[in-house]
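What follows is each chain in one-letter form.
Protein chains: 2
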Amino acid sequence: MEIAKLGEFGLIDRLTADIKPNNESTKYGVGDDCAVLHYPDSEVLVTTDMLMEGVHFDLTYIDLQHLGWKSAMVNISDIFAMNGTPRQMTVSLAISKRFTVEDLEQFYSGLRMACDKWGVDIVGGDTTSSYTGLAISITCIGEARKEDIVYRNGARETDLVCVSGDLGAAYMGLQLLEREKAVYYQMVDEAKRKSVAGGSPASTNPSRVDGGSPASTNPARVDGGSPAVNIPDFQPDFSGKEYLLQRQLKTEARGDIIQRLREAGIRPTAMMDISDGLSSELMHICKQSHVGCRIFEKQIPIDYQTAVMAEELNMNVTTCALNGGEDYELLFTVPIGDHAKIQEIDDVRLIGHITHESLGQVLVTRDDQEFELKAQGWNPLSSESNAKHA
Amino acid sequence: MEIAKLGEFGLIDRLTADIKPNNESTKYGVGDDCAVLHYPDSEVLVTTDMLMEGVHFDLTYIDLQHLGWKSAMVNISDIFAMNGTPRQMTVSLAISKRFTVEDLEQFYSGLRMACDKWGVDIVGGDTTSSYTGLAISITCIGEARKEDIVYRNGARETDLVCVSGDLGAAYMGLQLLEREKAVYYQMVDEAKRKSVAGGSPASTNPSRVDGGSPASTNPARVDGGSPAVNIPDFQPDFSGKEYLLQRQLKTEARGDIIQRLREAGIRPTAMMDISDGLSSELMHICKQSHVGCRIFEKQIPIDYQTAVMAEELNMNVTTCALNGGEDYELLFTVPIGDHAKIQEIDDVRLIGHITHESLGQVLVTRDDQEFELKAQGWNPLSSESNAKHA
Chain E
38 MEIAKLGEFG
48 LIDRLTADIK
58 PNNESTKYGV
68 GDDCAVLHYP
78 DSEVLVTTDM
88 LMEGVHFDLT
98 YIDLQHLGWK
108 SAMVNISDIF
118 AMNGTPRQMT
128 VSLAISKRFT
138 VEDLEQFYSG
148 LRMACDKWGV
158 DIVGGDTTSS
168 YTGLAISITC
178 IGEARKEDIV
188 YRNGARETDL
198 VCVSGDLGAA
208 YMGLQLLERE
218 KAVYYQMVDE
228 AKRKSVAGGS
238 PASTNPSRVD
248 GGSPASTNPA
258 RVDGGSPAVN
268 IPDFQPDFSG
278 KEYLLQRQLK
288 TEARGDIIQR
298 LREAGIRPTA
308 MMDISDGLSS
318 ELMHICKQSH
328 VGCRIFEKQI
338 PIDYQTAVMA
348 EELNMNVTTC
358 ALNGGEDYEL
368 LFTVPIGDHA
378 KIQEIDDVRL
388 IGHITHESLG
398 QVLVTRDDQE
408 FELKAQGWNP
418 LSSESNAKHA
Chain D
38 MEIAKLGEFG
48 LIDRLTADIK
58 PNNESTKYGV
68 GDDCAVLHYP
78 DSEVLVTTDM
88 LMEGVHFDLT
98 YIDLQHLGWK
108 SAMVNISDIF
118 AMNGTPRQMT
128 VSLAISKRFT
138 VEDLEQFYSG
148 LRMACDKWGV
158 DIVGGDTTSS
168 YTGLAISITC
178 IGEARKEDIV
188 YRNGARETDL
198 VCVSGDLGAA
208 YMGLQLLERE
218 KAVYYQMVDE
228 AKRKSVAGGS
238 PASTNPSRVD
248 GGSPASTNPA
258 RVDGGSPAVN
268 IPDFQPDFSG
278 KEYLLQRQLK
288 TEARGDIIQR
298 LREAGIRPTA
308 MMDISDGLSS
318 ELMHICKQSH
328 VGCRIFEKQI
338 PIDYQTAVMA
348 EELNMNVTTC
358 ALNGGEDYEL
368 LFTVPIGDHA
378 KIQEIDDVRL
388 IGHITHESLG
398 QVLVTRDDQE
408 FELKAQGWNP
418 LSSESNAKHA
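Chains as they are written, first to last, in our numbering: chain E, 38 to 427; chain D, 38 to 427.
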């Protein structure tokens, strides 16, 4: 259904009709100039993230439901990274004319699944139009007791450096999707050339192929803009690499780790989520805490599928784990006295320790060489303009 | 300076370096995964707005400093519309390559002037890249005592309907800018045609004129993309219409009215800011309060310049005041017992009263005819996709 058919308020009613706030702190949600919240006994945490089509996501390989999920999760992850509990979210979307009501319902269904998983209320937002592509801006609000909040600046010499889960898989998932997309485009080009050579009627509309939704790994988008030339069935090859895809498309915020740390009585001294890559985040913690660090290559947790994919692509897997982003794992430091306790925690790995600031940020390789860590970030555009500041 | 030269964190440091939080409720601002706020004694108000280039603003006639100001003010206005006090703001920007560091500094300088005017702290955000154009998403946070908050749903039969300032001027300002832009483009076309006819070298690059920043009323943008053809000096004609421009480009949030109402001991029963037009906002209040209203055309406050401009454009000035948006004046209802008090308040006009729901929303014209109010909204795209929900 075209969005114009519903009209502006009809659309919002449809997307938010059955949203019922569950948190005690949510006093009033969607429907007025502001949402109203109440936090008498704790600090309020606020984070915001903007995702732009073509820069942060590519609708040829992420469907709108996964995109909604991921957009919510990357914000929820920032609340956990402060050792807080996520509670509310506002969602702003700018959409171009090619999106339908059903598209937005898909997006919202993913968004709401992610919010439901962590008990987050959608309390407002803005739905507007865009000339080109989709822009998503989400603000997540959470709470924490003052004494529980973990900043980036609390790491101290001798603290242990820990990460949750494994690293580099989301980046490898992206490489995999890019590879299959390239294969698909090659097939399209091939088909176009044949079609032109044969003078079939389809060849009179080659612009459809370029201009329409190119699609590839995502059949839903193929329906939206099926090319006019005759393309052979395309079956992307993801076998044995399902975990990489999942890590790229179905981001998880590690609230479970926060919970386990609490249960174990561990309070990190500094913490961040890994959105831009381990190196980059380590540098933030070191810079803000005025310390150095010493990280061991052999300790960095890497999944088997990540290693295989790196091998296939002729890439150094450690570089991928250090600089590939979007893992949304937690990077944190704990006092050395928690050494025994931290080793009991499932899915957390000790990768090094904090040193004096003058020693810099050092990576010790498998063959005991030492390198200074450099942050490269995951996004090729990052050196120009991709930068997050809260 | 190109943004790439500064790099991601350099840019943020530069834009936020000397931002010092002033509010007691701001515990931690820019620099971590989240901002940290503290509101033990009041409710937290949250509002968010997204502005897209080409849809909400046109950089050919608004410079980045005014745009920064306006982006902040429209959010601050939503906090006042709940009878609250604005305190914090997060600012997300997605920028394409044509923007320089200086451009962003201009934007931030306007943004900060607006924030300074109302004592708002910038506590975080996200700066990222966009393939096309500029996207702005702002979240504003404020506070109010629970008993002071004014929702849209509190209007009761016999309540008086009031508006601040005057209406329709921002819309007329937009019409004026559009007219001058059209005149400019006509001149450019003319110059191009002459240039092509004469075979001057400039004509080999006509794409510059279309593709570059067209500019017109804003000399700053002319520098950024000066056309290759020889365009005669263009002096837009704004004389006698300065107020209209000011209303369109230098939006003011009416915190002064909120202050005066407080001082007079008046607590509105329902309130909104007028962003989409009086008709549209009246319908929100009536729908959510389950009431009707009766508004008198002759009472609607209209500035002299608005009336003159409407005359020039052959438009009905009342229609402009009812459906033109972006005035950001306050629309509110007060108990009939406040009649004398409200008449004492400077710059507030009584335009009608609240009736039983069954009587609908009625406009009484100057010649005593009655019409049902219809919301058309200010934005030509609004019936399709421009819709705000908190």
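Hints listed in this document are in silico derivations from the structure and should not be mistaken for laboratory results. What you are looking at is a predicted structure, and each value in this text was computed from that prediction instead of being measured. Treat each hint with caution, since some may be false.
Any copy, or any two copies together, can satisfy a pair, since identical chains are not distinguished.
Below, simulated PhoX-like cross-link-like pairs (lysine-lysine); rule was C-alpha separation at most 25 Å, straight line [to be verified]:
id	residue 1	residue 2
1	Lys183	Lys64
2	Lys378	Lys154
3	Lys411	Lys335
4	Lys154	Lys218
5	Lys42	Lys411
6	Lys278	Lys57
7	Lys42	Lys324
8	Lys64	Lys324
Status of the hints after comparison with the structure:
1. Within a single copy, Lys183 and Lys64 get their C-alpha atoms as close as 22 Å, and across copies as close as 10 Å, so both meet the 25 Å cut-off.
2. In this assembly of identical chains, Lys378 and Lys154 lie within 25 Å of each other by CA distance neither inside one copy nor across copies; the values are 27 Å within and 51 Å between.
3. Proximity of Lys411 to Lys335 under the C-alpha cut-off of 25 Å is restricted to the intra-copy arrangement: shortest distance 18 Å within a copy versus 68 Å between copies.
4. For the homomeric pair Lys154 and Lys218, neither the shortest alpha-carbon distance inside one copy (31 Å) nor that between copies (50 Å) is at most 25 Å.
5. Taking identical chains as interchangeable, the C-alpha atoms of Lys42 and Lys411 lie at most 25 Å apart only when they sit on different chains, with a minimum of 18 Å there against 52 Å within one chain.
6. Within a single copy, Lys278 and Lys57 get their C-alpha atoms no closer than 38 Å, and across copies no closer than 48 Å, so neither meets the 25 Å cut-off.
7. In this assembly of identical chains, the alpha carbons of Lys42 and Lys324 lie at most 25 Å apart only when taken from different copies (21 Å versus 53 Å within one copy).
8. Taking identical chains as interchangeable, the C-alpha atoms of Lys64 and Lys324 lie at most 25 Å apart only when they sit on different chains, with a minimum of 20 Å there against 39 Å within one chain.
Of the numbered hints given earlier, the model fails hints 2, 4, 6; all others are met.
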